[in-house]
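Take a look at the letters that make up each chain.
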Amino acid sequence: SAATTADTTQAGDDPTAGGSGTVTVLAAASLTAPLTALAEQYERDHPGVTVRLSFGSSTTLAQQISEGAPADLYASAGEAPLSLLPPDAAGDGGRATIARNTVEIATPPDNPGAVADLRDLGDPDLDVVLCAATVPCGKAADDVLRTAGVTAHVVSREVDVKATLTKVVLGEADAALVYHSDVVAAGGDVRGVEIPAADNVFLTYPLLWFSDDPDVVGFADLVAGPTGTAALEAAGFLAP
Amino acid sequence: MTLDARILVDRGAVTVDVPLAVADGSVVAVLGPNGAGKTTALHALAGLVHLRDGHVRVDGQTWAGPGLHLDPAQRAVGLLAADHLLFPHLTARDNVAFGPRSRGAPRRDAAARAERELDALGVADLAGRRPEALSHGQAQRVALARALATDPRLLLLDEPLSALDPAVRPHIRATLAARLRAYDGVTVLVTHDPLDALTLADHLVFVEDGTVVQEGTPADVVERPRDPYVAHVVGLNLYPGTTTDGETVATPLGPVVTAGLGHRGRSWVAFAPSAVALYPDEPHGSTRNVWRARIATVELVGQTARIRLLAGVDDVPLLAEVTAGSVAALRLHPGTALWAGVKATEVSAYPS
Amino acid sequence: MTLDARILVDRGAVTVDVPLAVADGSVVAVLGPNGAGKTTALHALAGLVHLRDGHVRVDGQTWAGPGLHLDPAQRAVGLLAADHLLFPHLTARDNVAFGPRSRGAPRRDAAARAERELDALGVADLAGRRPEALSHGQAQRVALARALATDPRLLLLDEPLSALDPAVRPHIRATLAARLRAYDGVTVLVTHDPLDALTLADHLVFVEDGTVVQEGTPADVVERPRDPYVAHVVGLNLYPGTTTDGETVATPLGPVVTAGLGHRGRSWVAFAPSAVALYPDEPHGSTRNVWRARIATVELVGQTARIRLLAGVDDVPLLAEVTAGSVAALRLHPGTALWAGVKATEVSAYPS
Amino acid sequence: MTAPAPTVATPGAARRHPGRSRAVLLVPAGLGVALVVLPLLGLLLRTDWGSFASNLSAPVVWPAIRLSLVTTLVTVALCFVLGTPLAWLLSRADGRAATWLRAVLTVPVVLPPVVGGVALLMAYGRRGVVGAPLFEAFGLRLPFTPTAVVLAQVFVSLPFFVLAVEGAMRAVDARYDAVAATLGATPLRIFVRVALPLAAPGIASGAALAWARALGEFGATITFAGNFAGSTQTAPLAVYVALQNDPQAALALSIAMLAVSLLVLGMLRGRWIR
Amino acid sequence: MTAPAPTVATPGAARRHPGRSRAVLLVPAGLGVALVVLPLLGLLLRTDWGSFASNLSAPVVWPAIRLSLVTTLVTVALCFVLGTPLAWLLSRADGRAATWLRAVLTVPVVLPPVVGGVALLMAYGRRGVVGAPLFEAFGLRLPFTPTAVVLAQVFVSLPFFVLAVEGAMRAVDARYDAVAATLGATPLRIFVRVALPLAAPGIASGAALAWARALGEFGATITFAGNFAGSTQTAPLAVYVALQNDPQAALALSIAMLAVSLLVLGMLRGRWIR
Ligand SMILES: Nc1ncnc2c1ncn2[C@@H]1O[C@H](COP(=O)(O)OP(=O)(O)OP(=O)(O)O)[C@@H](O)[C@H]1O
Ligand SMILES: Nc1ncnc2c1ncn2[C@@H]1O[C@H](COP(=O)(O)OP(=O)(O)OP(=O)(O)O)[C@@H](O)[C@H]1O
Ligand SMILES: [Mg+2]
Ligand SMILES: [Mg+2]
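Order-wise, the sequence lines are chains A, B, C, D and E.
Residue 172 in the working numbering sits at position 172 of the first sequence; the count goes up by one each step and never skips.
Residue 74 in the working numbering sits at position 74 of the second sequence; the count goes up by one each step and never skips.
Residue 318 in the working numbering sits at position 318 of the third sequence; the count goes up by one each step and never skips.
Residue 238 in the working numbering sits at position 238 of the fourth sequence; the count goes up by one each step and never skips.
Residue 108 in the working numbering sits at position 108 of the fifth sequence; the count goes up by one each step and never skips.
Treat the hints as calculated values from the structure; they're not laboratory data.
Treat each hint with caution, since some may be false.
[Unchecked claim] Selected chain A positions facing chain E (in silico; Cβ < 8 angstroms):
{"#": "1", "residue": "H46"}
{"#": "2", "residue": "S54"}
{"#": "3", "residue": "T60"}
{"#": "4", "residue": "E67"}
{"#": "5", "residue": "R119"}
For clarity, every value in this text was computed on a predicted model and none was experimentally measured.
C-beta atoms are modelled at their ideal positions from N, C-alpha and C, and glycine is treated no differently.
Chain A with its partners taken away, still in its complex shape (with noise of 0.2 angstroms):
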């Protein structure tokens, strides 16, 4: 287990402990899905392992590890949080992109819009929400909207994702600028409506593990290898 917390005199319930057996991951809520039924994989090849998750905003995690949280992996949406983390946070682990994402229109199941590509943004009767220019996820809607030349007609800027969907979800928007992993979880909530290519942008997805502990390394080996790509895809990932 987590070699880079001094005691290991603790174990069991305590996930600060750095007793044997435990893998403590701090994960973007969006991998929420994922990771939670790789991390019940790895339990079950592994009897008397543990894999402890948390998930939050990757901001919020990063400074929780800077703040001295105690963590064995940390899996991140896009790069820009890892600015955050203390320069020494590496130590004697190591780092591998497990997925990426790329950004897609929402409407509502009935599209009362009629959006069909990303030029019908720009009708000023339309309403359309992205997210804040701060996130991942708004800095990456504006390179698209930047990319195809289209000035939307924004009505919010929200600051994560999930407010932005749930605009769309409850039709107080008319369509919004979301990554594709998050019209998948969706389900039938939302309408997805692809974004050539040509237009897109991508966001990638960091794991950091700070450890040699063999369970840890195990871990991002499992999330990392053609097992977690499978489940990162059907969640709605691309490959890395």
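Got chain A sorted already, so can you dock chains B, C, D and E with the ligands onto it with the hints?
Quick look at chains B, C, D and E with the ligands alone, frame taken from chain A:
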């Protein structure tokens, strides 16, 4: 404007059951020992307490009855509660003006009215003060002014003069008497002071343990008390007894010879404390009623002394009033054994 | 155990300035008109009000003085406030036991003590009730029990008997008198009732407008009032005047012939209301002091009547006391013009 | 009636340990203060004061703070207008209905803020229970407008206001109501002239609490009103957005918010709220 | 003293419009209730009741609710122990210091919860002002433990508790303190035997408010304590996680939370809190 009520309220151990029938412009005084139910009756009239049974009718209009209970605001009563309850955030003037304003008077009229009411009770100079800056007696006068300022159809006063100093009390009492005489509503007054009751009321109601023990005009009550508490309040010695000859009544004190009462059977015997004469030795004169007695307490009140005695074979309480001078002359002090006498002509007796 | 205090407090328009020096086991009664500063003085002794100047020393120990103010809890006083302030969440028993418990008594002792105190004041049967279920007079007795239960070094009673009914009042007064006699602390008693003051106190202090106008033993005060308010309270007619011959004193009422006073200059003239005789026509007898008078009010109190007159050329107030019978016989009612007379032997005069 | 035997007096017993007794209270009170103050201190210590001024001069900062001040002011006013009568009626009601109403009013406090925002959308959104008819009849749309910000803030603050004021009004002696009623005052007059002034300190406290809660409101606002600089981006939203890529800027903005609220509360409390 | 001339009586004037006057109060009160209740109704109407039960049977649900109940209970107990003495001292203090202390205590309410979490990390984190010495001396680490959940909840709830209780205690007539003092009671005894029982209804309300606030707490918890299922994932955090890929499950969980809190508050209020 008449009040016709029967107040039936349960109060823990006590059940208050007081019928009241009062005619236009009359003042009824309700008296009785602590815990008798006087305040309860008043609050029931005001609508602050719900009746278990009975009714309250004013001018033929029913305020409370079976299944009916008008709220205080719908009753047009003026209530002076025993703990005066002045609004702490309003000045004395605004407290008094609150009633007229609530009943629709313009601001200036209400303020003028308040000033007049306060002036009549001698507290005009306190008009601008908050209740917290008033003394006990001052607050009581302001509260009285507030109750009077609404011209209510039913004015309810709970011990309105209890905190006043003895010098100002007669003035306030006289002012209040004049107001109540000029007023055509009904006033119900609760008091412990017989002087208030006798001066202000047309009718007295004595309540004990929730029930009426005697009622009548002040003159009637003063002359013929029919209850030990009433006798105490009006300042008479009172004993129950029976007579077979219409002249001598057998009482707990012993046989009492009276001026004659033309009645046989159960009777009351009453005489004033000032009619009781005290003798160091057994007297042999015209006084027909003489008992052995022992002094329990001596109270000097100004120029007179009130002597509480235990008299007769059974140590029955007896009150005597003598001059302060005789206390010294006869060396009266607790424990002294002596003789007490009352002339037959001073004793009044009447059927019970 | 002695109290030595000079209380100097500003209260809006009134500056209270009352010196008090009381010896072991004594009871001082403070009397005075509403708003005189009695309650203020009491609260200053308890530590609820800060002194502007002066001091409070008990047994040589300073409780308050320049730059010093002990909190109430540090003073070992027992206070009965005018609005009794029983703890609403505690039963009568627990209210009374609160003091002993606070001073370290075991629970059972405190409860037993409370029962005894309540019993002594005739409210033992109410021990289990909350204050909200007590009548006014019952609550006052419980509050008195609570103040007595702490055995304080300084017992402060603000109108302790004002809400009691007239029948129970003498008993409570006697009980209190016995308690205070047995007690070696100092008691300061504020009251409006002269009977309370005369029965309970060794020393009377009359306060008016914040300052002491007269003080002395009850006998001294009753005999020689030196202030109109004091005279009113002890029930005497009092007039200031000057004499040049030591016999006749020139007063606002007119010249008053006295029994002689061996003094020249400013004097007081006093006589009892019962010494005033009323005549429908000008009397020509031995009575040397006779004035024209007009009746202002007539008050019947039990068997006697109190007649307030305006007498002399300047309509000076004069109080007369006659029997109820003479009211009818002389047809006395407000407005009646008549003559009032006082025998010179009934008039006492003394230097002012 | 028997005179109770005087028991042994224990003069001075009261003076035993007033100091120690006070300490028993001071220790937990001090701990409570520390618990709240230490994190604030931590915030101050870790702030990069060098770049503080430049962080505060970012173009989004002032519009956000202005919007926050305006909307929270409106929110407090609405809380007062809607909440005070409600609190009064509750304080004088005793039935089971009042009990449950009180509980229902507490529920928005429990709701995780984001869920609160979703609930608001479901009620007042374009397809909401109330919002759909409004939109169809008048073309009126609440989300993404400053009105929505106010609505979200009222939704989260009103319960605090009502519950605080209800407590204060219940503490007002009901006998004053009764006296006012016997003097002929209508319920409205009793409310305005008796209950309001007597509960004034409690109302002021409740308003301070509601204002603070509205000022810090984040989750319901972002979900219901969106986040558009200048029209719906309040200070907490600006903080959150900044937190995503420049934590120091976010800290600076938070500290500015705290300073503003501390000043407002300190000054108002000193003067009116006590 | 002159007797005032009797003015014309206006009998029955009081009876003019008691009904209309009450309506003037009922309308805003009703609006206030509607504002709070409509969104809750919206939530209920839009919930997929078909899958409600299955949504609630997810394995994370019960541990989350249990953790929420346990930690909020501890939080309320801590609020009571630390907050009541603090509220009492504040309610009896009058100086400028008390004024500012009151304002400082209101500040955590203003802080956006996520920033509150950051502040907590900065104070009690391994590198925090208090946390660092604690860690070095005892190897004690607070963040990411159930203790941290409680700490975060106390940080956000204590201000509400203290301010509500202070209001209630200020409403307790100070003359009762004085009477108790003259009877020889020490400050501690006055607090325990007089102030506490007399302020009991206010304390109960404050506790209900603090409990509700703690139960809904999200931002500070996820930042300071993390989001570990079973040890720091409280119900609102579970709602957040569910929201990521199954909004209906999130709604179901929220409604379960509301039902639990409504029941607890309704029952307790009916019995003790009024
Ligand atoms: N809420 C209550 N619950 C139970 N008993 C009560 C309640 N209120 C009053 N009582 C009792 O009812 C009786 C009547 O009380 P009330 O206040 O009417 O007496 P009162 O005649 O006004 O006495 P006082 O002269 O002392 O003011 C008393 O014995 C009192 O103890
Ligand atoms: N807080 C205050 N501010 C200003 N004036 C006050 C304040 N409290 C009392 N007073 C005034 O001080 C004077 C003394 O009040 P105090 O209560 O001591 O009178 P008292 O002698 O007890 O009268 P009472 O017999 O009516 O109880 C009164 O004139 C009163 O109006
Ligand atoms: Mg009474
Ligand atoms: Mg007084």
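Here's how the hints hold up against the structure:
Hint on H46 (chain A) is violated. Least Cβ distance to chain E is approximately 18 angstroms, over the 8 angstroms limit. The beta carbon of S54 (chain A) comes within 4 angstroms of a beta carbon in chain E, closer than 8 angstroms, and the hint placing it at the interface holds. Interface hint status for T60 (chain A): upheld, as the beta-carbon distance to the closest one in chain E is roughly 6 angstroms, under 8 angstroms. Below 8 angstroms, beta-carbon pairs count as interface contacts, and E67 (chain A) has one with chain E at about 4 angstroms; its hint therefore holds.
Here the hint on R119 (chain A) is broken, as its CB sits about 30 angstroms from the closest CB of chain E, past 8 angstroms.
The structure does not agree with the numbered hints 1, 5 stated previously, though it agrees with the rest.
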